[in-house]
Amino acid sequence: MTSLTTFYLSRLIGCKLFDARENVLGKIVDVYVQLPMNNQTAVDNSHRPKIIAFCINDGKSVRNVSLINVQIVKFNTRYKVQCQSMTDVPSDVLSNTFLLKDTILDKQIVDINGRKLVRVNDVRMVALSSGAFVVAVDVGLEGLLRRIGIFKVLKAILQPFHIKIPSKFILWDDVEAIDFSSLNIKLNTPFTKLNTLHPSDLADIIEDLGKDSKTSVFSALDEEKAADVLEELETKEQIHIIESLSIEKAADVLEKMPANEAADLMENLEDDRAAMLLEEMKPEASEEVRELLQYPDSSIGSIMTTNVLTFNENQTVGDVLNIIRQEKPEMAELYNLFVLDSEHRLIGTFTVRDLLVSSPETPLKKIMNDHPFQVYDYDKLDSISELVSKYNLLGVPVTNEKEELEGMVIIDDVVDDLLDKRRTI
Amino acid sequence: MTTNKNSFFKNIAIFLAILGPGIITGSVDNDAGGITTYSVAGALYGNQLIWTLIPSFIVLFIVQEMNARMGIVTGKGLATLIRENAGVKVTFFIFMGLLIADIGNTTTEFAGVAGSLEIFGVSKYISVPLVGLIVWILVVKGNYTFAEKIFLIFSASLLVYIISAVMGHPDWSAIGKSIVKPEMALNTSSMTMVLGIVGTTIAPWMQFYMQSSVIEKKLKISQYKFVLVDILIGSLATVVVAFFIMVACSSTLFEQHIQINDAKDAALALKPLAGEFASAVFAFGFFIASIFSAVILPLATAFYVSEAFGFEAGIDKKWNEAPEFYVLYTGILLLGMIIILMPNAPLIAISLWTQVINAVLLPVVLVSMILLVNKKKLMGEYTNKPIVNYIGWFTVIILVAMSLSLLVTPFL
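Top to bottom, those sequences are chains F and X.
Number 247 in the working numbering belongs to position 247 of the first sequence; there are no gaps in the numbering.
Converting from the second sequence to the working numbering requires adding 1000 to each position, the first position being numbered 1.
For reference, chain F alone in the conformation it holds in the complex (with noise of 0.2 Å):
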């Protein structure tokens, strides 16, 4: 009989408990975990999950418990746990814990280092003075063989030719929980880990998800990143999530999506949701989506975007500089420069490369290329890819029949555009 210090959730619940005189109190249904506190001082442990309560079965109902002074000891092969005292935990205690056999054993856990959903095989915790912690999940086929019972028995036969069953553990700092449907309660601050993913990560994680944990994992990303995971999404999985959400937040994460991919999502939603989301948001966003929209599908306008930075001729490369420090464009947004006439219309364009290698002073005139390749915003989309990988274009301008300027298109938006007909071929 020996003490345990590290031990298997998996072969703590349905354990028999104990006290001290041998009596059997209950068995172990579950334990409930509370995930630390932000406001928690930095103990070694503390931002690991630690056992508050147990949930036990005495036979006759269930019951949240607390124990005083347990110790789990292996007895033969078996655990068993073993305790003082037992005494009923109000709930309001459990208002911030999660039940960790529910949430965590058999379900999919996200791996932040490995940028993946995997599905946890055990739990394996640590029992300190300090109280009992979560420390990693087994998510290897070693755990899966042990809660099979035949992790012993195949390692026997496989020893003699020497072939190790591969075990693997995933520290708790390395995943986030996910699949917290079963939970009445909201966790104050959850999935803080996943913001540290890249947005096309996240968002093939996020397809992998249940319904129900795709839409909780969703609504508590942040606006920007919310927009670009959902910029990432197939145009069903993005219709799927805009629709599992509240208005004002779809609108909130909307606005933060550039106008043509907005559109693009707008245009495959059913009328009038489309009709409440343009009028709940920002007038300025909901402008640039409802022009878009009026283009037909097969035209240049409908992939094109409206956000292009239009100078005159008159300004000089320090201006323009000065601007683009200000404003802090995307990376698109400066694939092509353009300058326009008081009537708004095209008459010359320029690239970062012009302004890097002018000096500070020069006019836009003397620097422009005018007699810029454009197109015109209700042309057929099929030449435009062809045009952009003859003449090397990042982006082309798009103007009206006045030749006004209406957008840009960018090459990021031609190749998709290629690659979803390849995929409906």
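No wet-lab data here; the hints were simulated from the structure.
A hint or two may mislead.
[Unchecked claim] Derived contacts from chain F toward chain X, CB cut-off under 7 Å, selection only:
1. D106
2. K107
3. R119
4. R147
5. I148
6. G210
7. K211
8. K236
For glycine and all other residues, C-beta sits at the position ideal for the given N, C-alpha and C.
For chain F, the structure is supplied; the task is to place chain X on it using the hints.
Frame of chain F; chain X shown alone:
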């Protein structure tokens, strides 16, 4: 009036976009094993067992509807739901059974490929490796939308069995009578046959496939009525094809007292009775059905086993990203092919044992499904209506009772 017309066309368009999961799953039901079972049933019992298609249809419809509903509401596959709610041990039992049964099923599909092409004079040592390679390429290099379109064409071509049946000049009024007022001898072999028909129409792995394809299509609960129509058409198509296979064999082989062991025998025996064309059509349908299921089955199995045990899975992953998945997929495919190409392979024993494992697994999977679909926590307001539960439990009881009585009788 114009708005009505518009919404009518809009509905048709929505339906066509949703179309797929039910119809494809229904068609995969009529795989090589299925066609063999229906042929033998028709040849051995004439019209006597045609009535079994009616309860089969009801159960098929109800089971698939539950799958579709669970898929839409939870967004999770059946394998995931079982693992998350029933724990590792139950999952292990179900999926080991599923894996073994599906290796057997895959073998049957390749037996179908070999058998049907032998009728057209192609040796199995050419047809099996060639088809195996095509299947592998289609899955690994193709994509889902493309594959689905091919599958839908496959499904439609299964209707060729109507031609085979009509060319045998069946006695329609006798068939009608036997459905309305079934008469059959109750004995071990007829009961085995009935269980075989039900088991092949509602194979366990189909439930996993159905639920995953609903999720793959990203269907919404607002599209539920279209999904129902899709399942209805799929289930109907399944029993209609089964019906015509049984009629084709009953009106010719049963009348002439010709014994057959598999669908290939049936196609060959049809030649002198219903003409060369009817025989060729029968063989063609058999080939299509076999290759269709040979594509879906190994892939589907590799997916569910990976999903249940948390292995990385997907044909968009590289071999070293998802080694377990690829080993499973390739392994199942290769094992099925190797068994067929072995001289003197015990094919009848393999197909018998596969059916037994299927018959044991089916009630287990059905019970898991009924328990899951009734969980408020998972399904919210979309749990089962009482009538669905009654039919579900009734089916489970009948299946278990029949399986048990068949397992016990040999020892009496």
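| request: Grab the minimum C-beta distance from F/R147 to chain X and call the hint holds if it beats 7 Å, violated otherwise. | output: Result: holds, 4 Å to nearest chain X Cβ.
| said: Would the hint on F/K211 be counted as holding, given a Cβ-Cβ threshold of 7 Å to chain X? | reply: Holds, about 4 Å.
| Per the CB criterion, is F/K107 less than 7 Å away from chain X? | holds, 6 Å
| query | Does the CB of F/I148 sit less than 7 Å away from some CB of chain X? | reply | holds, 5 Å
| request: So, F/G210 near chain X? Judge it on the closest CB pair being under 7 Å. | output: holds, 4 Å
| said: F/K236 was flagged as interface toward chain X. Is the shortest Cβ-Cβ separation under 7 Å? | reply: holds, 4 Å
| query | Does the CB of F/R119 sit less than 7 Å away from some CB of chain X? | reply | Cβ of F/R119 sits 3 Å from chain X, so the hint holds.
| field | Evaluation of the interface hint that places F/D106 against chain X, nearest CB under 7 Å | value | holds, 5 Å
Of the hints listed earlier, there is not a single one the structure fails to meet.
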